[in-house]
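**Student:** Sequence:
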Amino acid sequence: MTLAVILTTAALGVARLAGAQGIVANCTWQNGFMQDSFLGMYCNNDNWADYSYDWSWLDTNVCLTNYDGKLHPSDIGHYWGTCGNCSVRPSPKDFVLHCECLDHNAAWTPTTYDLNTLVYNRNGTLGCFDFLGNKTRIGPF
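For the sequence shown, counting from 1, position 78 maps to 78 in my numbering; every step adds exactly one.
By construction, these hints were calculated from the structure, which means they are not laboratory data. Treat the hints with care, as some may be off.
Said to hold, decoys possible - Label-pair ranges, simulated between beta-carbon atoms: (1) A106 <-> P140: 32 to 40 Å; (2) H78 <-> S52: 17 to 25 Å; (3) I138 <-> D68: 22 to 30 Å; (4) D46 <-> D103: 40 to 48 Å; (5) F38 <-> D94: 25 to 33 Å; (6) P92 <-> Q35: 19 to 27 Å.
Idealized CB from N, CA, C, for every residue including glycine.
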């Protein structure tokens, strides 16, 4: 019985991560960018007849936390108060957020996190955990 619970829990955890992956495959990662803690990019919506994209903004502050100078996924978030100088470096396989975050010694520490493993696209809207960003038909460019 204990083994079954462990295997079920592990499978659900993997399924949750698998569902969170894919902004590189489902969004125009080449045009994605950060404005403060907000990630913006065009993402595929479910209107496959038109194969259209929507612009979406997601406040990544609800997705990540800073623990001792390192970014970690967390549905309570709030990394932005202790991190700064953030930027993204996208590629065809990952979408890496680079920041400097305060550690336990109050020293600024470089850290990274691959947002492609956390952020997902749902019908043209970026999201993480149970939080969805917003979407509009037209973005800033």
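**Student:** Are the hints correct? Go through all of them and say.
**Tutor:** For each hint, the structure was consulted:
no.	hint	in the structure
1	A106 <-> P140: 32 to 40 Å	35 Å, holds
2	H78 <-> S52: 17 to 25 Å	34 Å, violated
3	I138 <-> D68: 22 to 30 Å	41 Å, violated
4	D46 <-> D103: 40 to 48 Å	42 Å, holds
5	F38 <-> D94: 25 to 33 Å	19 Å, violated
6	P92 <-> Q35: 19 to 27 Å	23 Å, holds
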